[in-house]
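Visitor: Sequence:
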Amino acid sequence: MNVSNVDLINELKNAGKLWYFINPYETIFEFPHEVPDYHQQYFTPFTEVHFLWAQHQVHHSSEEFNLAVGLRQSILQHWCNFMLYLPLALFIPPSHFIAHNQFNLIYQLWIHTTVIDDLGPLELIFNTPKHHRVHHGCNLYCLDKNYGGVLIVWDKLFGTFEKEKDEIIYGLVVSPQSFNPLYLQIFYTIELIKKSIKISSLTNKLAVVWKGPSWFPGAPRLGLDEYKVNVTSRIKYDKHIPIWQNLYIIIHFFLVLYNHFRIYDETQFYQICSPSNYRKEYWGFNK
7 MNVSNVDLIN
17 ELKNAGKLWY
27 FINPYETIFE
37 FPHEVPDYHQ
47 QYFTPFTEVH
57 FLWAQHQVHH
67 SSEEFNLAVG
77 LRQSILQHWC
87 NFMLYLPLAL
97 FIPPSHFIAH
107 NQFNLIYQLW
117 IHTTVIDDLG
127 PLELIFNTPK
137 HHRVHHGCNL
147 YCLDKNYGGV
157 LIVWDKLFGT
167 FEKEKDEIIY
177 GLVVSPQSFN
187 PLYLQIFYTI
197 ELIKKSIKIS
207 SLTNKLAVVW
217 KGPSWFPGAP
227 RLGLDEYKVN
237 VTSRIKYDKH
247 IPIWQNLYII
257 IHFFLVLYNH
267 FRIYDETQFY
277 QICSPSNYRK
287 EYWGFNK
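In my numbering, each number is its position in the sequence shown, counted from 1, plus 6.
The hints are simulated quantities; they were obtained by calculation from the structure and are not laboratory data.
Where a beta carbon is used, it is the ideal one built from N, C-alpha and C, also for glycine.
It cannot be assumed that every hint is accurate.
Under the rule of at most 25 angstroms between Cα atoms (straight-line distance), these lysine-lysine pairs were calculated in the BS3-like manner [stated by the list, open to error]:
(1) K136 - K162
(2) K162 - K151
(3) K234 - K162
Cβ-Cβ distance ranges computed for the label pairs, FRET-style [said to hold, decoys possible]:
(4) H266 - R227: 24 to 34 angstroms
(5) F88 - F109: 17 to 27 angstroms
(6) P226 - N265: 43 to 53 angstroms
(7) L92 - Q114: 13 to 23 angstroms
(8) V179 - L92: 26 to 36 angstroms
(9) Q183 - T119: 24 to 34 angstroms
(10) L208 - D124: 30 to 40 angstroms
Generate the whole structure from the sequences, applying the supplied hints.
Guide: Here it is as structure tokens:
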């Protein structure tokens, strides 16, 4: 192992000790697994607050429901997470939060599938594909339901649980007719701004931003069910492209993949990212 590798590993260890293991909250939870699975329920604002939903909708905009949807994430949502995560620092040790958050994230990948059906007694406690399919549905009975991450018991306690009933239609209530990844990231935010501009009073303009996506003046925070669109069927958007564009995408993918492996060559990567080398290169000192 060369010097730069050792320097990097030592500095990462020191950073870990400072930020994650030395904290004043060590008596709250003795083990990370004791932290309750309240994290995902805490994230309900991302579907019930309009400007947050405008970012999280990227994850829900697919008209399919498979493992790839679990990786379909918003770029801008990461800039909003701190509003919900930061207050948790007052009560939960960073080390416990990080472990819990990462295991929660890993667990949620496999529940994005239509292949797995009923899992028997596990359905009573855990969030399963059957429960999470409801969360991703745009049928009226699916809206604002089954927020759970690992455990489904929170939804049962807070009244947001719904069983899988009618055939589920996936995607947004008003489906964007596009596969453009950049457009899908920002189109809902643009529509939110347009809706706010059309509203007359300043109070209502602000309410459009922080109340639910279905809200309108005079309605409850999440809107009224009788005014919501009940999606019962849908012709999926299926845009075909020429063969030459398919070939271009394939070639481009392998070129990017090749360069990705070159950049992440272990020796080159640590030499570039080593804090010691960074200090020498940009600040002119060794310590």
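Visitor: For a C-alpha distance cap of 25 angstroms, please report whether K162 and K151 respect it.
Guide: 10 angstroms, holds
Visitor: Does the Cβ distance between L92 and Q114 fall inside 13 to 23 angstroms?
Guide: This hint holds: roughly 22 angstroms between Cβ atoms.
Visitor: With 17 to 27 angstroms as the target window, see if F88 and F109 comply at their CB atoms.
Guide: 21 angstroms, holds
Visitor: Cβ-Cβ distance between V179 and L92: within 26 to 36 angstroms?
Guide: Given a distance of about 31 angstroms, which is inside 26 to 36 angstroms, the answer is holds.
Visitor: Given the hint of 24 to 34 angstroms, is the C-beta distance from H266 to R227 inside that range or not?
Guide: With a Cβ separation near 44 angstroms, H266 and R227 fall outside 24 to 34 angstroms, so the hint is violated.
Visitor: Can you tell me whether the CB distance of Q183 to T119 sits inside 24 to 34 angstroms?
Guide: This hint holds: roughly 25 angstroms between Cβ atoms.
Visitor: Holds or violated: K136 and K162, Cα atoms, limit 25 angstroms.
Guide: The hint holds at about 15 angstroms.
Visitor: Is the straight-line distance between the alpha-carbon of K234 and that of K162 25 angstroms or less?
Guide: Status holds; Cα separation ~24 angstroms.
Visitor: Quick check on a hinted range of 30 to 40 angstroms for L208 and D124, using CB atoms only.
Guide: About 50 angstroms separates the Cβ atoms of L208 and D124, which means 30 to 40 angstroms is violated.
Visitor: Do the beta carbons of P226 and N265 sit within 43 to 53 angstroms of each other?
Guide: Taking Cβ atoms as reference, P226 and N265 lie about 52 angstroms apart, which means the hint holds.
Going through the hint list in order, the structure does not satisfy hints 4 and 10.
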